[in-house]
Each structure stands twice: as structure tokens, then as C-alpha cells.
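Engineer: Sequence:
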Amino acid sequence: MKVSSSNPIIPGEELEGWSSWSPNALDGLTQKLTPVQLMELAQQRRRQREQEQGEAVVAPEAVAAEPEAAAEPEAELEARAVSGYPTAAELEAIHQEAWQSGHEVGEEAGRAAGFEEGLAAGRDQGLAEVRAEQEARFAAAWQPLQQLSESLTRQIDRFESELSQDWLALALELAEQLSHGLARQNPLLIQELLREALEDLPATLTQARLRLNPADLEVARAFLAQETPETQWQWIEDPEVERGGCVIDTAALRLDLTMRTRVAALRKALGMDHEPGSD
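Per the numbering used here, the sequence shown starts with residue 1, numbered consecutively.
It is worth saying that the hints were derived from the structure and are not from the lab.
From a predicted model like this one, the values you see are computed outputs, not experimental measurements.
Treat the hints with caution; some may be incorrect.
Said to hold, decoys possible - Quick list of simulated restraints, FRET-style, between CB atoms: (1) L217 <-> R260: 17 to 27 Å; (2) L127 <-> T87: 56 to 66 Å; (3) G110 <-> A88: 29 to 39 Å; (4) L217 <-> A251: 14 to 24 Å; (5) A222 <-> T153: 57 to 67 Å; (6) Q155 <-> D256: 37 to 47 Å; (7) D249 <-> V219: 16 to 26 Å; (8) E104 <-> Q143: 50 to 60 Å; (9) L270 <-> E192: 17 to 27 Å; (10) Q44 <-> E104: 24 to 34 Å; (11) A265 <-> Q155: 31 to 41 Å; (12) Q134 <-> A264: 54 to 64 Å.
C-beta atoms are modelled at their ideal positions from N, C-alpha and C, and glycine is treated no differently.
Produce the complete structure using the sequences and hints provided.
Structural biologist: Here it is in C-alpha cells:
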């Protein structure tokens, strides 16, 4: 048995069965290994180099045992390289790692989705509560203003109604006074009144009675003699009848065309069917 020496140079005559090495010699082995196996192989060799560099002096027994200890991982790696498939332990580790990663990703995604949904629901609820509170405050502040507005509207309507009635009464009274004055100044007004009245009388009227102011008698007689020569008129002079008005009586109807009656009809049509000063 040769004594081991610390000289790293080994004489050529002591080497048996060797050949030159090239990097391509590992291609057949590395192509059959998976990335995980290659990583394990690299880590094991890196640990071996660190261990070899850290030991300054190695005992003969350790030197002799080292090839045997190192032979086991390399034999295992060679067996893996020959088979080309990961072991059951590696498959289980890969499965556990994938499951854990998927679980963590799913849990994080679910947590993020739940946070977004909760945030949206909270925001909507907060907006609804704020809106309801603002509406309640507005209603409370608007109620007295609305009551004041309604009261003011009623007062304005009543004022307009009273004012319009007063204005209508005043306008009607002025129109009546103007009509009286115009009738005194224009005697032909009775003629226009009779022309309108004939449209309401039968065309074959034979007899009729006419009551009118004495001042309008001459104009009325001349007009009716020309317009209704076939009708026999009875003339009644009545000073109580205002000028410009008359009353016509026939066997079938009565036409009251006095100024008083016409003004009363106008008042009734305007909703003012009470006499002035009767309140």
C-alpha cells in the first residue's frame, strides 16, 4: 500500500484507464436532467467545493471514505439522469408548492375582491345616508317657507280677485255712464238697436208693441215703417225707459233691450250680479 502524500501531482505511471475530458462529455447527462435536478446537482457540487476548500488537512480515512460518500449522490444523480423522470418525492414537493402558491394567490384575490365589494357597498350606503339626511334637513327648512309661499299666494289671489272685481265694476259703471251720454247725443242709437232686434223676430211678424223713451219715438217709427211695412206696431212712450233702449212685446216673445237690463246681464256674465253699493 502506497503512502498517501500531500503532493497534488500524481505520476502518470500510477494512473490507469484515464482519458482526456471535454465539456461536451456532460451533454448526454445534463440533457436527461430536469431543471430542478440540475439545480440540485449544482448545489451539491458547490457544497463539495466549499467543504474541500475549508479543510486544510484531511485524515487518510476521511480521504478514503470521501470518494465512497461522494459516490452515493453521484450514483443517485446518474440513476435520475438515466430514468429522465422526477421521483415521487419531487412530484409531491412540486404539487405541494403549486397548491400552496395557487391557494395564496386565490386567497389574496378573494381578499382584494371582498375589499373592493365592501368598499363599494360602504360608499353607496354612506351616500344614501348623507342624501337622506340632506333631504330631511331641506324638508325641515323648506316647510315654513312653503307655508309662507302658500299664504302669500292666497293673499295675492284674493287681492287680485278683489281688485279685478273693483276694476270691472268701475269699468262697467263708466261704460254705462258713457252709454247714457252717447244715447242723449246720438238719437240714431235706437235705430241700431232695433236693427239687431229684428234679427230675433219672426220674418212674418204681423203685430208687435214697442215701449221706448219719447225722445226716440220719431226715429224708431221712421225706421220700422221702412224695414217692416207689413207689421202693425203699437207705440208706447215711457219716460222710465232710458234713451237708446226699448222693450218689444209680441204674441210669442218679449225682448227687454233697456239699458238697465243689458247692464244687469253683463254684470251676471262677469260674475257681478249684485247691484253697485248693495254690499
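Engineer: Take the hints in turn and mark each one as holding or not.
Structural biologist: Against the structure, the hints:
1. Between L217 and R260 the beta carbons are some 19 Å apart, a value that agrees with the proposed interval 17 to 27 Å.
2. The hint said 56 to 66 Å for the Cβ distance between L127 and T87, and at roughly 60 Å that hint holds.
3. In this structure the hint that G110 and A88 lie 29 to 39 Å apart at CB holds, the actual value being about 32 Å.
4. In this structure the hint that L217 and A251 lie 14 to 24 Å apart at CB holds, the actual value being about 23 Å.
5. Between A222 and T153 the Cβ separation comes to about 59 Å, which falls inside the hinted range of 57 to 67 Å.
6. The beta-carbon spacing between Q155 and D256, approximately 41 Å, falls within the hinted interval of 37 to 47 Å.
7. Checked against the hint of 16 to 26 Å, the pair D249 and V219 passes, with Cβ atoms roughly 20 Å apart.
8. E104 and Q143 have their C-beta atoms about 58 Å apart, which keeps the hinted 50 to 60 Å range intact.
9. For the pair L270 and E192, the beta carbons lie near 23 Å from each other, so the given range of 17 to 27 Å is met.
10. Range check, Q44 to E104: about 30 Å between beta-carbon atoms, so the 24 to 34 Å window is met.
11. Between A265 and Q155 the Cβ separation comes to about 32 Å, which falls inside the hinted range of 31 to 41 Å.
12. The hint said 54 to 64 Å for the Cβ distance between Q134 and A264, and at roughly 60 Å that hint holds.
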